[in-house]
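Novice: Protein sequence lines correspond, in order, to chains A and B. Using our numbering, the first residue of the first sequence is number 1, and each one after it goes up by one. Using our numbering, the first residue of the second sequence is number 79, and each one after it goes up by one.
Since the hints were derived computationally from the structure, they do not count as laboratory data.
Not everything, but these chain B residues come out facing chain A in the computed CB check (under 7 Å): (1) Ser336; (2) Ile339; (3) Phe347.
Quick list of simulated restraints, FRET-style, between CB atoms: (4) A:Gln36 to B:Tyr229: 51 to 59 Å; (5) A:Gly3 to B:Ile92: 36 to 44 Å; (6) B:Arg272 to A:Gly19: 46 to 54 Å; (7) A:Pro73 to B:Val246: 18 to 26 Å; (8) B:Asp324 to A:Val18: 27 to 35 Å; (9) A:Ala74 to B:Thr149: 34 to 42 Å; (10) B:Glu86 to A:Gln36: 58 to 66 Å; (11) A:Gln66 to B:Arg272: 39 to 47 Å; (12) A:Pro20 to B:Pro127: 43 to 51 Å.
Idealized CB from N, CA, C, for every residue including glycine.
The primary structure of each chain is shown beneath.
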Amino acid sequence: MVGPLTLCDGARGQVVLVGPRNAPGGALVVFQDEEQGPVESLPLATILERLAPADVVAILCAQERQFGECGLPALDAS
Amino acid sequence: MNTSRDIEFLLEEIITLPSLPGALARIVQLLNDPESSLSDVGKAITQDPAVALKTLRLANSAAYGLREHVTSVEHAVALLGIKVIHNLVLTATVFDTLSRSAGLLYQHSIVAGLAARAVLRTGRVALALQPDEAFVYGLLHDIGKIILEDYLSDDLMEAETLSRDRKVPAYQVEREIIGADHAEVGGRLAMNWRLPESIASAILAHHDLSRCENEDSRRLAALLNVADAICIEAGFPSYEGAVAGDTSQSWALLGVESAKIPAIMDDFFASIPEVEELIEAMS
Numbered sequence: 001m002v003g004p005l006t007l008c009d010g011a012r013g014q015v016v017l018v019g020p021r022n023a024p025g026g027a028l029v030v031f032q033d034e035e036q037g038p039v040e041s042l043p044l045a046t047i048l049e050r051l052a053p054a055d056v057v058a059i060l061c062a063q064e065r066q067f068g069e070c071g072l073p074a075l076d077a078s
Numbered sequence: 079m080n081t082s083r084d085i086e087f088l089l090e091e092i093i094t095l096p097s098l099p100g101a102l103a104r105i106v107q108l109l110n111d112p113e114s115s116l117s118d119v120g121k122a123i124t125q126d127p128a129v130a131l132k133t134l135r136l137a138n139s140a141a142y143g144l145r146e147h148v149t150s151v152e153h154a155v156a157l158l159g160i161k162v163i164h165n166l167v168l169t170a171t172v173f174d175t176l177s178r179s180a181g182l183l184y185q186h187s188i189v190a191g192l193a194a195r196a197v198l199r200t201g202r203v204a205l206a207l208q209p210d211e212a213f214v215y216g217l218l219h220d221i222g223k224i225i226l227e228d229y230l231s232d233d234l235m236e237a238e239t240l241s242r243d244r245k246v247p248a249y250q251v252e253r254e255i256i257g258a259d260h261a262e263v264g265g266r267l268a269m270n271w272r273l274p275e276s277i278a279s280a281i282l283a284h285h286d287l288s289r290c291e292n293e294d295s296r297r298l299a300a301l302l303n304v305a306d307a308i309c310i311e312a313g314f315p316s317y318e319g320a321v322a323g324d325t326s327q328s329w330a331l332l333g334v335e336s337a338k339i340p341a342i343m344d345d346f347f348a349s350i351p352e353v354e355e356l357i358e359a360m361s
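Okay, chain A solo, but in the shape it has when bound:
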């Protein structure tokens, strides 16, 4: 789990990492309406235009840190 996210259109979701970007699944954004209705999950690639560039950067860095091989250091927890 990466954490909560607010889209450009105001919708709120949770980002979940289920695999690297080039694999099926990749990062998902999970939505559930306020009445606890059905959960909808959308791959990151399908909703890029609804996200701020900085949020996409953050999600891709988290994904690379979790699954990638380029050697990103762990984030400082402080």
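Using the hints, position chain B against chain A.
Specialist: This is chain B only, laid out in the frame that chain A set:
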């Protein structure tokens, strides 16, 4: 808190900006002289063996991707041209300056260079800048922090601590504690070194785009602003627990939409192994 200070006060009373190291000063002079030749530039570089060696190592690194191994400065100048050589020497000189600082800032500066290069070339940003120039801009963006570390290290450390506690970017707290931020100091250092005005203004404005006088300068500053934020997000901050500022205005100015970010980040991630190579080449 010190509200009586500003950048002019700091430069008059507290900080003495260092002069440009010898080899680069001579090269800047030659570049501004229409009578100078490639040979003159090559000779100026070879007169400083340390800079010449580092320039050759950089020219042969993957970052420049030359197909043939370069063994002399004259050969490098002929192959790469004066503008690229100027950037190489500037890079080598800045590495020397940065290596005096704490490890995090050194690494952050290199990664910012790689991030600026990735945003420029893969984001297809319309700027009159070559990718290797974008690398130099990124490398230089926090040069003001070196000066603050030298003259006001306790204040800088306090600003970084408050930045962590308040979860706000350090430059905001630097203005409060020191009276100016590292971008202002860096911009003044670049002017003092007679670096191109485009570099100086981009450094000056990379945390406050309104400091630029025109749209082109603002976009260069925006490039550094997003490169800085990418570094922090990727785990290469200039100090522990660094907080990135809002980059939405910068991305918009650069004309980079979210759909382009995955390709930019792929380029950036692929370049991360260059960090160790560059540090080794400069050691």
